[in-house]
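Student: If you read the sequences in order, they're chains A and B.
Heads up, our numbering is the position in the first sequence plus 15, with the first residue counted as 1.
Heads up, our numbering is the position in the second sequence plus 15, with the first residue counted as 1.
You may find that some hints are simply not true.
Pairs involving identical chains hold if they fit within one copy or between any two copies, as the list cannot separate such chains.
[Said to hold, decoys possible] Distance condition first, Cα-Cα at most 27 angstroms in a straight line; then the derived DSSO-like pairs of lysine-lysine:
1. Lys143 x Lys305
2. Lys264 x Lys243
3. Lys306 x Lys143
4. Lys252 x Lys143
5. Lys264 x Lys165
6. Lys232 x Lys143
7. Lys305 x Lys278
8. Lys243 x Lys273
9. Lys125 x Lys329
10. Lys125 x Lys143
11. Lys165 x Lys305
12. Lys264 x Lys252
Note that these hints are calculated values from the structure, not bench results.
Number of protein chains: 2
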Amino acid sequence: MNKENNPICKLLGIEYPIIQGGMAWVSGGGLVGAVSAAGGLGVIGSGSMTSELLRHHIRKARSITDRPFAVNVPMMYHRTAETIDIMEEEGVKIIITSAGNPATFTPELKKRGFTVLHVVSSVRQAVKAAQSGVDAVIAEGFEAGGHNGKQETTTMVLTPAVVAAVDIPVVAAGGIASGGAMAAAIALGAVAVQIGSLFIAADESSAHPAFVEEVLKADEGDTMLTLKELSPVRLLKNPFYEQVQEAYKNHATVDELKELLGKGRAREGMLCGNLDKGELEVGQVCMMMKKRMPASEIIKEVIEQYNSTLERIKGMGI
Amino acid sequence: MNKENNPICKLLGIEYPIIQGGMAWVSGGGLVGAVSAAGGLGVIGSGSMTSELLRHHIRKARSITDRPFAVNVPMMYHRTAETIDIMEEEGVKIIITSAGNPATFTPELKKRGFTVLHVVSSVRQAVKAAQSGVDAVIAEGFEAGGHNGKQETTTMVLTPAVVAAVDIPVVAAGGIASGGAMAAAIALGAVAVQIGSLFIAADESSAHPAFVEEVLKADEGDTMLTLKELSPVRLLKNPFYEQVQEAYKNHATVDELKELLGKGRAREGMLCGNLDKGELEVGQVCMMMKKRMPASEIIKEVIEQYNSTLERIKGMGI
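Just need the whole structure built from these sequences, with the hints factored in.
Tutor: Have a look at this one:
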């Protein structure tokens, strides 16, 4: 992988085209600093953070590395304007926006000098984002952890479809936890990958150790997209997930589902380690994850696997 | 792609590691002969066929090419033993088994000299198949059309997981309708691909033209996995699909769903072109398909795209 030839490396000023997924409750300053120091793009998950906590995490990341990092901002939160002010004050110039309508906020962000990447789960959203002036899109497939699209389009199908539809760089996300999968994403037309789940198990992740242990034990079929009537979310099966399934069996209404979900369950599960009552957001690919590693090792291993995958394919002859 | 280096090409005696999905009501002798003549592996979808019809389609394929082709046999049908006898009589020595327990039928098939490929949708099934002596597995992801696994594991995640779990060649299926996706599958560790949806729109396909037209018009989100309580199946949304959704809203029981489904709906939709009442089985990737082509053109185009994808990746530098 040659940095000079890669539009995402050039755009973001990073060494390897690996963006760490900005996961609420998981990616704080420690993880983000470690990822960026290792040549990827660390991304603070600000969704959950008060302004002061965000400032703390930005400074923590900065204390670890002087390389670029970013903040992920779900644009439907009430705290968005303040978050962006803090990013500006603290000199973080890469923003990864998710949710919300990019047409309403992208022009302002670009005027203020931000590099903007928008997370999408459909071609339609990608085209909208490109038209509103974002610098790149992150196309996230059905297999990804956490919140997800209603169309259920997988990374294998979504990536080339988005690449064909927009003229800006496309980052593939969902199901990517190895250099082989990274090479697959590049084959599909992406120029970079976003890796989430694998960084949950990074040594520097803020995820509760009990949650990480569950992630590493997970087998195939242990995550499922659910709560589709509210906002589809991929969760690790646990007693809370089973409670939701029970509610479906009892023909729960949307309001009843909302009440059951309540507030703060992701924090409860992922940060506090309440494995029974919490929401445990992680991608399908956790079935392939077996151990914890420092973030720098994760990046090193993915790049090594990427290179050996390319060697293997070349050996098959063209 | 060098045939000598590819275990599936060697195993099956084909030129390109492309297996055409054996789709009931779609892949008869005409399509199968054309695919095999063009260097792939044509596969008759026998699920739906009477013995005489199967014999007819085998002879039709043989009249087009003397290259190898196969028959797909869903092993839970009552007609299985007869189907296998006919294959033997007609000299078709490659069988693609699906459904059923490979431990019960593989030893007998191997004893009779068949090359056996088994279709799986999970690592567990793949390991079972390998243990029972099949020559290769076809791992089919969530995005694939038609019948599918309960775990909902996508091609991006399933392929490397199966490759890591078995020592026999792995064919990737689901979401593959281009040479870029083929290169992605190879990057994920598969040594060949199975392509289904794209061949529905082959000139030689037996699919009803009205069904093909719907497939080519389909957009993202237009297929969905449904009837999960019976046997999960990916269908193109149509009035029958909406009827199923309506039944869910009315809390239909499994028996009510079975009654609603009835028998023969796939034939009705895909062969007879009843777009309202039929089951229209096709993969997510149909959103990328725009035109009909001869099967030989499909294979040529996929191989050309595969080669140009590899050139593009190499150009990015390792």
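Student: Tell me, which hint numbers fail for this structure?
Tutor: Numbers 7, 9 - these are the hints that the structure violates, sorted from lowest upward.
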